[in-house]
Amino acid sequence: MQKDHIVHAFDAELQQLDTLIAQMGALAQQQQINALTSFLDNDCKEAKRVAKADKKIDQLEQDIITHATQIFALRQPMAADLRTLVASFKIASNLERIGDHAKNLAKRTKRVGDIPILAEVKGSLEIISSLTIAMTGNALEAYAERSTEKALAVLKQDEDVDRRHKSLIREVLTYMIEDPASITAGTELLFIVKNIERAGDHATNIAEQVYYIITGRYIDAGRDITGHNPDDATSAAP
Amino acid sequence: MDAPISTDTNLDASPTQEATTEMNIATDTHTSSIKMTAKNVSVFYADMQALKDVSLDIIENRVTALIGPSGCGKTTFLRCINRMNDLIPSCKVSGEIKLGDHDVYDPSVDVEVLRRRIGMVFQKPNPFPKSIYENVAYGPRIHGLAENKEALDAIVRKSLKRAGLLDEVEGRLDALGTSLSGGQQQRLCIARAIAIEPEVILMDEPCSALDPIATAKIEELIDDLKKRYTIVIVTHSMQQAARVSDYTAYFHLGELVEKGETNRIFTAPQHSKTEAYITGRIG
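In order, the protein sequence lines correspond to chains L and H.
Here this note's numbering = 1-based position in the first sequence + 12.
Take the second sequence: its position 262, counting from 1, is numbered 242 in this note's numbering, and each next residue is one higher.
Misleading hints may appear alongside valid ones.
Residues from chain H shown here face chain L by an in silico Cβ test under 10 Å; the list is partial [to be verified]:
no., residue
1, P109
2, Y113
3, H123
4, G124
5, L125
6, S188
7, P192
8, H216
9, M218
10, R244
11, Q250
12, S252
13, E255
14, I258
15, T259
16, G260
Derived coverage of chain L by chain H (criterion: at least 3 residues anywhere in the stretch with Cβ under 8 Å from a Cβ of chain H; other residues may be distant) [as the list claims (entries may be wrong)]:
no., stretch
17, 89 to 102
18, 134 to 142
It is worth saying that the hints were derived from the structure and are not from the lab.
Using N, Cα and C, we set each Cβ at its ideal position, and we do this for glycine too.
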């Protein structure tokens, strides 16, 4: 890590920013876990509680923006400090999106219910979910430790998630084709799979911001970070 | 007082060495060319080495900011550019500084003519204790730039206008230059500097004695002046360097640590010393 600033209050303010991001990140990751659990257990009451808890994440995003804006105004940050502050806006916004995806998953608990397709794909769904949940944690760790190595590892993980996502979509579609009665629930399930995969993209965005903070360079993961580049899935045979 | 110069010593640096030390300042080549070149410039004040082997290109019609902590050599370097260091007996300069193709330290160089081509503005506004008009007219007159009174009037008015001062002093050009406010005095000094049509303007912390409004006016002026002149500015304010310059060079303990486009230096410096300085950490 770098040396302290001559003005120590500046260090304290940046430390506070790190703390807020860590808090928001921990909360977003916990929401991912809770949303998945409530969904898989078909626990509507818990799902409702999870959806409601999203407000706390939104509040933390506001806190981060306010805090970072104050530092901009009062300290005129440069170089790595500047990059940290610019990135904090984006990191907060990506964490907020991760929270939103968790909320969406929770909200679909009731709508999907206990359908037969879910039982078939539950295993794959759990795997891809735990991967994206781990990615959130890893991206936050990369931020806390300012580690390019860990940031790059998240990008790698995302490639795995994308492959599994393609494969899972195909799997759900196959069941829907076999049993047209399952189309409504299957469509919901497709949205869920998409939500989960998007959370991975947001963790990737955070990792890219971490890379920017450390190096000053933007990383190009060589793919469309808005989500679904079909080329990514060519090797993902079901 | 002649500043001894050895133009033969450090100039045969190997191409690879050259490539690494000359990194990235001239990437903005689409419209600009190199106005001045400093190669392997070292400066001693008696036994004390104030500058160590500094090489830097100054790009035409651009603002180059020299930054660094006190005693880092930035002002020494600035003063080498128009041989202001000649005035210090113990000062020895080696290396090469070129304005276009001409070696600034060539013994045949007339220093007065050189300083006409490379003007200077100082930290504290230092108008002559004469009228506003005379402050600006002095240079053109001694250099014989005006054939008659009308031509001289025109130069004075044009210079005051370019320095953004004419509107404020219209109708009282015979008032004392020292009667103006600090910011106006500094713009008067800039008008005086540009009256002799220099090619390069050196500014040594031109705003450090000014309030924020006067500073903003000078900064706005610098942005305008660079269309006609090449500007090198020494500033203690990193924010000012960031605001006004196209290129920034960071000096530390007499060495040129890093140079490059200003937006890169302040967002992603490559050297840890630059990073430590511009983020306000102990260097």
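We went through each hint and held it up to the structure:
1. Because the beta carbon of H:P109 sits about 38 Å from the nearest beta carbon in chain L, more than 10 Å, this interface hint is broken.
2. Because the closest C-beta pair between H:Y113 and chain L is about 40 Å apart, greater than 10 Å, the hint is violated.
3. For H:H123, the interface hint is violated, the least distance from its beta-carbon to any beta-carbon of chain L being 42 Å, above 10 Å.
4. Because the smallest distance between the Cβ of H:G124 and any Cβ of chain L comes to about 47 Å, over 10 Å, the interface hint for this residue is violated.
5. Taking 10 Å as the C-beta cut-off, the interface hint given for H:L125 is violated, the closest approach to chain L being about 42 Å.
6. Look at H:S188: its Cβ only gets to about 17 Å from chain L, farther than 10 Å, so that hint breaks.
7. Given the 10 Å rule on beta carbons, the hint for H:P192 is violated: about 13 Å separates it from the nearest Cβ of chain L.
8. Checking H:H216 against chain L: minimum C-beta separation of about 14 Å lies over 10 Å; hint violated.
9. Annotation: H:M218 was flagged as interfacial toward chain L, and the flag holds, the nearest CB pair being 6 Å apart, inside 10 Å.
10. Here the hint on H:R244 is kept, as its CB sits about 8 Å from the closest CB of chain L, short of 10 Å.
11. Among the interface hints, the one on H:Q250 holds; its C-beta lies about 8 Å from the nearest C-beta in chain L, closer than the 10 Å criterion.
12. With 10 Å as the threshold, the beta carbon of H:S252 comes within range of chain L, its nearest partner Cβ sitting at about 8 Å, so the hint holds.
13. For H:E255, the interface hint holds, since its Cβ comes within 10 Å of a Cβ in chain L; the closest pair sits about 5 Å apart.
14. For H:I258, the interface hint holds, the least distance from its beta-carbon to any beta-carbon of chain L being 4 Å, beneath 10 Å.
15. Interface restraint check: H:T259 against chain L, minimum CB-CB distance 5 Å, threshold 10 Å, status holds.
16. With 10 Å as the threshold, the beta carbon of H:G260 comes within range of chain L, its nearest partner Cβ sitting at about 5 Å, so the hint holds.
17. With 7 residues having a Cβ less than 8 Å from any Cβ of chain H, the stretch 89 to 102 of chain L passes the three-residue criterion, so the hint holds.
18. Given as covered by chain H, the stretch 134 to 142 of chain L fails the check, having 0 residues with a CB less than 8 Å from a CB of that chain where 3 are the minimum.
The structure does not agree with the numbered hints 1, 2, 3, 4, 5, 6, 7, 8, 18 stated previously, though it agrees with the rest.
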